[in-house]
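**Q** Since the structure of chain Z is provided, determine the placement of chain V with the ligands on it from the hints.
Chain residues, written in single-letter form:
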Amino acid sequence: MSDNVAVSVRDLHVSIDKKDILKGISIDFPKNAVTAIIGPSGSGKTMLLRSINRLIELLPRARVSGKVLVRIKNELQDAYALDPSYLRRKVGYVFQKPNPFPHLSILKNMTIGPMLNGIAKGKENLERLAEEKLKEAGLWDEVKDRLHEAAWKLSGGQQQRLCIARALALQPEIILFDEPTTGLDLYNTKRIEELMVRLKEKYTIIAVTHSVDQAGRIADFIAFIYNGKLIEFGSAASVLKSPANELTELFITGRVLDGVTA
Amino acid sequence: MSLKKLRDALYTGLAYLSLLLLAVPLAWILFECIVRGGAYILSRPVEFFTDIGRPPGVGGGGIGHAIQGSLYMLGLALLIGVPVGMLAGIYMAERRDSPIAKAARFVSDILVEFPTILVGIVTYAFLVSKVTGLLATGPAAFAASFALAMIMIPIVARSVETAFLTIPNEVREGAYALGLLDRQTVFRVLLPAVRAGVMTAVLIGLAKIAGESAPIIVTNGISNFWFSKWTEPAPSIPVLIYVYGLSPFKEWQAQAWAASLILLLLIMGVGFLARRFTKKMWTGA
Ligand SMILES: Nc1ncnc2c1ncn2[C@@H]1O[C@H](COP(=O)(O)OP(=O)(O)O)[C@@H](O)[C@H]1O
Ligand SMILES: [Mg+2]
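Just so you know, the protein sequences line up as chains Z and V, in that order. All residue numbers for the first sequence refer to the UniProt record's numbering, where the first residue is 1 and numbers rise by one. All residue numbers for the second sequence refer to the UniProt record's numbering, where the first residue is 1 and numbers rise by one.
Derived by calculation from the structure, the hints in this document are not laboratory data. Please note that the accuracy of each hint is not assured.
Label-pair restraints from in silico Cβ distances [as the list claims (entries may be wrong)]: (1) D185/Z with R7/V: 55 to 61 angstroms; (2) P192/V with S211/Z: 35 to 41 angstroms; (3) E75/Z with D109/V: 38 to 44 angstroms; (4) N125/Z with L273/V: 35 to 41 angstroms.
C-beta atoms are modelled at their ideal positions from N, C-alpha and C, and glycine is treated no differently.
So that you can see chain Z by itself, here it is in the shape it has in the complex (with noise of 0.2 angstroms):
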């Protein structure tokens, strides 16, 4: 397989209490890359995400079947054959809803992943790859004087941001983001969007949002979802320009309503 495919994910069908889900999925995701996946809400965007880092098998209900490849240390491995633990650490995920640890300082929630999965030892060592990817992040100038307040207190924006570096300390080398800027402020939304696009040059960004506007500030690539199926994928500029398929235009366009079937 091509050296530039840093997710495979081969005929994935997930289903939960016998409802089938993902109806067979097959697309690769391309490396150093911001793939965005667009579509409906209810289509499968946010299962599809998490059967990749296999945030799935939280739901005791669902089943997963097909084959999901990541690259990591530049080998395809499977996802499935591998430790979970280290699965997430390497395949990072941005929530839809900021997620920070509320009750742990911003410090705190920047340590805990490095310090219990062995990253980072030692108080020291842990603080400078804190400071390293919150200004990767760039969160660093606005919350380095706060350090130790609770992660609750920052507002909504900081609050994704903080899960982002918090994300990037495990040294990940695939990022998912489920419509990370959902509800957030024009401000921090674009702060966001700018990240994901520069964050491509070290990680591969596999990206979901509901807005085709964002997708085509960041994407590359882009995956069109609807119904558990993958309509239609390309770089951004000729699925934007000139969709394939009629779905994906009538979509694109603003003219499929969430959660009807084809």
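**A** Using the frame of chain Z, we list chain V with the ligands on its own:
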């Protein structure tokens, strides 16, 4: 006056009445304990807490042995009850749909309602009965602790479960997404989030067992001596109150009131602490 106003007034009146019904007995009991027991404590402020009881007619003495015995018994009960109750509660919250969690919930709901004397009898039969006892052949302090732990466990478990259920699921998912293991998620992320709630759960459990006498009498019997061995009967404050209070001797009755005052203050103190923790409970972001 409109019907609605009348109804409002009626409800307000009823609310005050029920408050009165609650407050009056409490105030009355406290008053009796202070008046009848306070005098005895004041007459021997040190001796009362450090000395052992005296036979009737001799005069003087204290409840030091019962305080010591209660500390031992409650200590062991906490040592068993807190970890077991906490783990059960955490399991019920974190694996809420599993058959084991469901069974645990069912069992704790029954145990909470179980008459405490029956818990004592069952404990006695299993652990220390001459015929069927597994660990000893007669009343023993450790059996009392075990019975008290059994009474405490479902209370702690259910309260801990409730505390964990207040944690938004996103927090859990966040922990797992960082590659944390189950136990790291539970003990390093979730537990600190509900520390206050867990403290409250433990204090409520403690308040519940601190005043129990029946399960102690059934499992441990009655002792008027200092605590000696876990396999022997030990004294305790509630049992002392029971024995002294029912005795015909004036000085024992006075000491029963005094001991009641101490027990009441202790339990109220624990309840007060529990409320402070409840207020401090993390309210989410
Ligand atoms: N926890 C769950 N239990 C059962 N069904 C779920 C659960 N989460 C999502 N689903 C279902 O899976 C489908 C896809 O959901 P999701 O991946 O969240 O969609 P999207 O992210 O595209 O909005 C939806 O039909 C939704 O109802
Ligand atoms: Mg979603």
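**Q** Against this structure, judge whether each hint is valid.
**A** Now the hints, each set against the structure:
For D185/Z and R7/V, the Cβ-Cβ distance of about 47 angstroms falls outside the hinted range of 55 to 61 angstroms, so the restraint is violated. The given range of 35 to 41 angstroms is respected by P192/V and S211/Z, whose C-beta atoms sit roughly 36 angstroms from each other. The beta-carbon spacing between E75/Z and D109/V, approximately 52 angstroms, falls outside the hinted interval of 38 to 44 angstroms. The hint said 35 to 41 angstroms for the Cβ distance between N125/Z and L273/V, and at roughly 39 angstroms that hint holds.
Checked against the numbered hints given earlier, this structure breaks hints 1 and 3; the rest are met.
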